[in-house]
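S.K.: Listed below are the residues making up each chain.
Protein chains: 6
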Amino acid sequence: MNTQANWGIHTLVKELRDIRVQSLETRERLNKPPKLPSRKKLTQILEGLSGALFPNRLGRPDLRDEVIDYFVGNTLDTALRDLHEQIHRELHFMAEQKNVVQLTEYDAKTIVRKFAAQLPRIRKLLDTDIQAAYQGDPAARTPDETLVCYPGINAMIHQRIAHVLYQLGVPLTARMITELAHSSTGIDIHPGAEIGESFFIDHGTGVVIGETTVIGNRVRLYQAVTLGAKRFEQADDGSLVKGNARHPIVEDDVVIYAGATILGRITIGRGSVIGGNVWLTHSVPPESNITQALLRSELIP
Amino acid sequence: MNTQANWGIHTLVKELRDIRVQSLETRERLNKPPKLPSRKKLTQILEGLSGALFPNRLGRPDLRDEVIDYFVGNTLDTALRDLHEQIHRELHFMAEQKNVVQLTEYDAKTIVRKFAAQLPRIRKLLDTDIQAAYQGDPAARTPDETLVCYPGINAMIHQRIAHVLYQLGVPLTARMITELAHSSTGIDIHPGAEIGESFFIDHGTGVVIGETTVIGNRVRLYQAVTLGAKRFEQADDGSLVKGNARHPIVEDDVVIYAGATILGRITIGRGSVIGGNVWLTHSVPPESNITQALLRSELIP
Amino acid sequence: MNTQANWGIHTLVKELRDIRVQSLETRERLNKPPKLPSRKKLTQILEGLSGALFPNRLGRPDLRDEVIDYFVGNTLDTALRDLHEQIHRELHFMAEQKNVVQLTEYDAKTIVRKFAAQLPRIRKLLDTDIQAAYQGDPAARTPDETLVCYPGINAMIHQRIAHVLYQLGVPLTARMITELAHSSTGIDIHPGAEIGESFFIDHGTGVVIGETTVIGNRVRLYQAVTLGAKRFEQADDGSLVKGNARHPIVEDDVVIYAGATILGRITIGRGSVIGGNVWLTHSVPPESNITQALLRSELIP
Amino acid sequence: MNTQANWGIHTLVKELRDIRVQSLETRERLNKPPKLPSRKKLTQILEGLSGALFPNRLGRPDLRDEVIDYFVGNTLDTALRDLHEQIHRELHFMAEQKNVVQLTEYDAKTIVRKFAAQLPRIRKLLDTDIQAAYQGDPAARTPDETLVCYPGINAMIHQRIAHVLYQLGVPLTARMITELAHSSTGIDIHPGAEIGESFFIDHGTGVVIGETTVIGNRVRLYQAVTLGAKRFEQADDGSLVKGNARHPIVEDDVVIYAGATILGRITIGRGSVIGGNVWLTHSVPPESNITQALLRSELIP
Amino acid sequence: MNTQANWGIHTLVKELRDIRVQSLETRERLNKPPKLPSRKKLTQILEGLSGALFPNRLGRPDLRDEVIDYFVGNTLDTALRDLHEQIHRELHFMAEQKNVVQLTEYDAKTIVRKFAAQLPRIRKLLDTDIQAAYQGDPAARTPDETLVCYPGINAMIHQRIAHVLYQLGVPLTARMITELAHSSTGIDIHPGAEIGESFFIDHGTGVVIGETTVIGNRVRLYQAVTLGAKRFEQADDGSLVKGNARHPIVEDDVVIYAGATILGRITIGRGSVIGGNVWLTHSVPPESNITQALLRSELIP
Amino acid sequence: MNTQANWGIHTLVKELRDIRVQSLETRERLNKPPKLPSRKKLTQILEGLSGALFPNRLGRPDLRDEVIDYFVGNTLDTALRDLHEQIHRELHFMAEQKNVVQLTEYDAKTIVRKFAAQLPRIRKLLDTDIQAAYQGDPAARTPDETLVCYPGINAMIHQRIAHVLYQLGVPLTARMITELAHSSTGIDIHPGAEIGESFFIDHGTGVVIGETTVIGNRVRLYQAVTLGAKRFEQADDGSLVKGNARHPIVEDDVVIYAGATILGRITIGRGSVIGGNVWLTHSVPPESNITQALLRSELIP
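Residue numbers (our numbering), protein chains in the order written: chain B, 1 to 301; chain C, 1 to 301; chain P, 1 to 301; chain V, 1 to 301; chain Z, 1 to 301; chain L, 1 to 301.
Only chain B is shown next, with the shape it has when bound in the complex (with noise of 0.2 angstroms):
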């Protein structure tokens, strides 16, 4: 196949070079390009976080007791030192944004630092999540097998180690992790939202859970529901005001089936019971249990 063909390639270059400086992107940073967090490298990082915190069956199989710590040491290193450069990544990228004075090296690490002792307690809280997982699905034979291979742990493994780094004040880098249990999982839970122990999410494809969102303990969801904002709030100037809370509240031991729909800064009673498809926008008391109005399906002859 001849393939000499030639593509205009110097007038493609020119034309894309002048539409980078003409845009946003260049207008102030000739010379100083974003060095953004790396998706590739934050999938790393999560394969060896994940596999520091259950070492035998997200790490190496077949890890004796003679060797898991040094497995374990030594993965969290690696893990560590690359998650260190991400942030500082994202810290010098927003400190240009703002026009701030450069942040000294001694942020990226002390977020590390805070980070890395924030391990155990994530641990434990997925080992509750897992539990529930168990329990809350009839199909599940083991806890073990939930852990390699229900998308609603995995999206957890992620949301609640990128919830700490969101704590933290690296956002971006939160996200983007969360990102990547939204594309392999469906399920879309931002990095800000804040959920109690042993919560489980059953099949999950088109789960969204906000920012500013709150759960409790011992919480149960299933695919397509939404913990979404009502309408945002604009400032005077028509700009979106950020950061006010805007996303509901789910008490202890709510159960939320497929498909509900659940806006704006409402309350989900404990103990609460919310019908498929549901639609609601207002708060519950305690114990409701809300269905649908049923819909009347028509037979056509």
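What the hints contain is simulated information worked out from the structure, not anything from laboratory work.
Some clues are possibly wrong.
Said to hold, decoys possible - Restricting the straight-line Cα-Cα distance to at most 20 angstroms, the calculated cross-link-like pairs of lysine to any residue (SDA-like) are:
hint	chain 1	residue 1	chain 2	residue 2
1	C	230	B	273
2	V	35	V	93
3	L	14	Z	122
4	L	109	V	6
5	P	230	P	269
Guided by the hints, dock chains C, P, V, Z and L onto chain B, whose structure is given.
M.R.: This is chains C, P, V, Z and L only, laid out in the frame that chain B set:
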């Protein structure tokens, strides 16, 4: 960049060990690490089996008739040997869970041999699915293209393979295989589901089909359809009753439009059409045409 | 582990051959194996094109102004040469399907050249999408981060590239490209859809946009929105009529909330707001505000 | 680390272009880049051919009798197709060098077909080499181990394959193949050399065997032996005369010890033994036993 | 490029099968394929062991004191487990060769455990070699650089590891390891050779050191030195007698310059200096200074 | 296979730590791990530089004139950035060795910039080497093929690049680069050697050229030639004197045949021919023709 920071690895390693020792993970199995099937290896196995089933389109391009059988035989051998090891892991893992006497090597081999014997039947079923996709989608130009780009076909390759494994007694391996498809297509079909020929899922994101679902021939589904359980039966001790028939029976020639939710051990009679977003928890007779009660939309001035 | 078992490979190979010979696959093409475009190669091509369009953020980090054009030119060349081969495969495959005289090399080259010339326009459109994402989501801190972690932006990079290819006469390559995005984002936009500038999809899982959809400028969509066909027209012989306009027209400045289903060749007038979960099969005038009839939720004590 | 430095890329690119334009490289071939065979691809091809010739020991371990032919057939097909492309490149390149009319595709195919037909003969010759290595080295415990770890065997696999290609008219591809062995073994045998059966080179580093060398059966060589040209004939214009017989003929059953240098078109008679470090530029009759004149070593107190 | 040619694969596969069946390869082992140690795997194992022995310089750069033991422990575990499998293969292969009853798993484990216990001693010996290289070469600036770029050090890492394995009864694995070094350095030291501390080989290409060689402390060698056998003893039946002492003994503090050839079970007395290109087949007393008889060079006008 | 054995890792890790602490390695640098240049990275850098110098033949095949500069610029940038990091490592490492104040980033950048400016000159010199190889070997058909398969050319690409780096003050990086060539060609040229244009080494295995060697124009060498030091000068304290001129000067148009050993700071006069295996330790005037005293070979009947 100076990366000489200390992350407190010693403390972390110790804390994570303490958690492992206390948790369910290691309670009874210090030095008996569970060796679960490997997601990565199963991905390769499915690529191999897909290539052997459809050598030119999913295997190696440009295979001449002279060599196609060599490719198929060699690819099958690799895939079946690798599958044998994964099945061996599951049987071994399950035996330890149940404190059963160690299974013999014989079992894993028998399962692989029985599975292999089903591959021609799987191929024939998939041919009917491909034909159904081609006929059911006005955008499809050739049957071949449905094989290389329709997520519904991809999901069915995984499910039909996993279903045979599920029936042969390796449900974890089977589940991990359907979860591979779930992750890349958003279509979540349990390996236990029994599905007839000429099955077509269009778009597919958000489809959930439960473990005991039974689907006839020539059924068509759109995105976000749920064939689920209405509620889980509980035993006297409050634990979930596992394994009983709890998902719908969908008879031949049924069409179910996007977003329909069909729950419980009900029967959708042959030839029925279920409209988009319908919520259905009772059986309907053959040739039913169910649509959602029309929702009045209010115009707000 | 003794893996010397026999799997019955000879029989399997023979049976699979018999099926291939009987099936549609080989009926007319023994020794003329179809060589379809490669999903793996298209993934690389899209990475290359993304990197050339957004060199610093999706290409190589830390590109100085001195070398950025070298990177862009070199990356474009590789991507376009590889694309040329994929397009050649599709044209060749389609020619064989139709028993058409073999297409000349000239066609594939012309298509690549015309496609390349559209890249600057694609970049400009994507810049408007990025700006729309930044302005439309209160959680976004900078436009840059929408480019590296918003699935809606990722989906639009794929669709805008695929759309140009679709118009140039290689619909299979185009479809395979949008399916790459579908698989990683859960957003399924047909390459045929015509989409204006400043288009933003938030969360996105479950969005389906059909082949003949027309979308204006500054439109915003949330997860699980369907812009689909109401029903497929059938020809007298029962086969589906392909290619006619059957999906909605969405005018400028429309917002469509999560889960809304809009079917058929209807028009959503400029500036309208379609509420969550709305089911809509008729046109609505400009500035309409459609919400679901409020479903009464019954409290069960 | 700040890596924003400018390296002066623009100037460099320009200077390198100027040199290319002036140099022999591009004199007549702007836009006709020479496409030479690829060293990396040839490495893979040799791995494939080695695996097909010795499937269990150099191919895939643990191939059962049931599948070995599938492996061989499939591996051969891949290797021969890749080889075909490399040969095509050489023929094309040489045609351009000579301003010859473009060669037809037919030539490359014919060469590959003729080459393939020689593979069984190559295998038989290599079996005699393996047996010779086993019998000739007291350290060898089994014939199999000479195949996996003796550099002399590795070199002969390459040379015997390359020799057939050399005879079929693709000397560059042939030379690149023997250079692969030269690089990994330090044994430099020209593909033109004609070598009989049961040939054994022990240790091998530094062995050089020239283009027109002829070696009989059951010959044994040690490291650093040179079978070279004495001097190069010059044509009247001072250029070297290419292709005439200028290297030794070594008859059957000769042994040549380490470091011996044998130069020119001389004949080493059948059954001769040439001692270590001997320098030999004249023929010797059969059964000769040549040793270096003993060098008196002087003891210095 | 049309690559649809037929290569005659069927005939080839059949012919190669016939040869295999007739040849020594399969005579007694249809369906009992020999599973030899893997060169590729041994390469990885040597990288692992080198990294564990010299963690910062051959392992991972920038290991802080906090994590170095985790790296060493984890790397050792991986390398030793992989080595265990290779050793198991050799024992199994050898048992089949000798029609010996299958060896138990116990043997391979014992060998690995005994090997592991020698690693600290190997490290200490290598430290003396590194120091010798630094002191012996005027071009060396630091001991560290000899470790990362001197082929002599690389060869000794391989040989000292292989020697322990050779002594523990796995000579094939040992030989394959020294051949790895032979291939990359041109230095061919048999794993059987016994070598004292502070051993230094400069340049090294072409060095050959035989199986029963014994080398004292502080010996220095240059390129192309051979410590070989004079001739092989033959048994009455003409086969080679294997295993008897047939290579030189080199006592402490000897220096041997480039190209010297020393053959047979002779002794080079302590402190001797052997000049370049010397050919030596008899013992020399301590403190000897052997030089080549000066060759008169003739000037040709 | 049960691989649950314990290898005694804890003891091993501890013993290896004790050795490290005692040894020279860590005496002064706990927590200051030396970060040496990386062999693997330098391999990539050399591939990049080779590709930039000879884009079509060692870079990417089939580069059209339209894109060749983009390839060169982009490849150079990557290679130079990576080289910058390796140089930075060496400078940092050396500074620590000497307890020198930390070098500034400026130094590494200056070195890279000066090195880059030499690349056109390196390319021109290599063009003369290629031409010399083509003219010097009767087996060479085109200059191009010497570039892709002659080890002598490969060695000179490495040495000419390394020599510039050696002169710029990074001798360790330079040495590691020539060792890459040594490993793959068996040709060991010190980066310090000064070599004129049109230099050709045929076969090459075993060639050694020392640090202070000076070689004129149009010199030709064969395999196993040594240009070495006669003896090392010792300082009063017995340590070796480093850096003084101790290797031969070879004037223009000299030919040195295989196995010749030339030692000490002697001069081989212009136009001389040194015969094979000659041992030479004194200067010879121009146009000398040195051959080995003919060794009488004794025929043993």
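S.K.: Each hint should be assessed against the structure and marked as holding or not.
M.R.: Hints versus structure:
no.: 1; hint: C:230 x B:273; result: holds, 13 angstroms
no.: 2; hint: V:35 x V:93; result: holds, 7 angstroms
no.: 3; hint: L:14 x Z:122; result: holds, 15 angstroms
no.: 4; hint: L:109 x V:6; result: holds, 9 angstroms
no.: 5; hint: P:230 x P:269; result: holds, 19 angstroms
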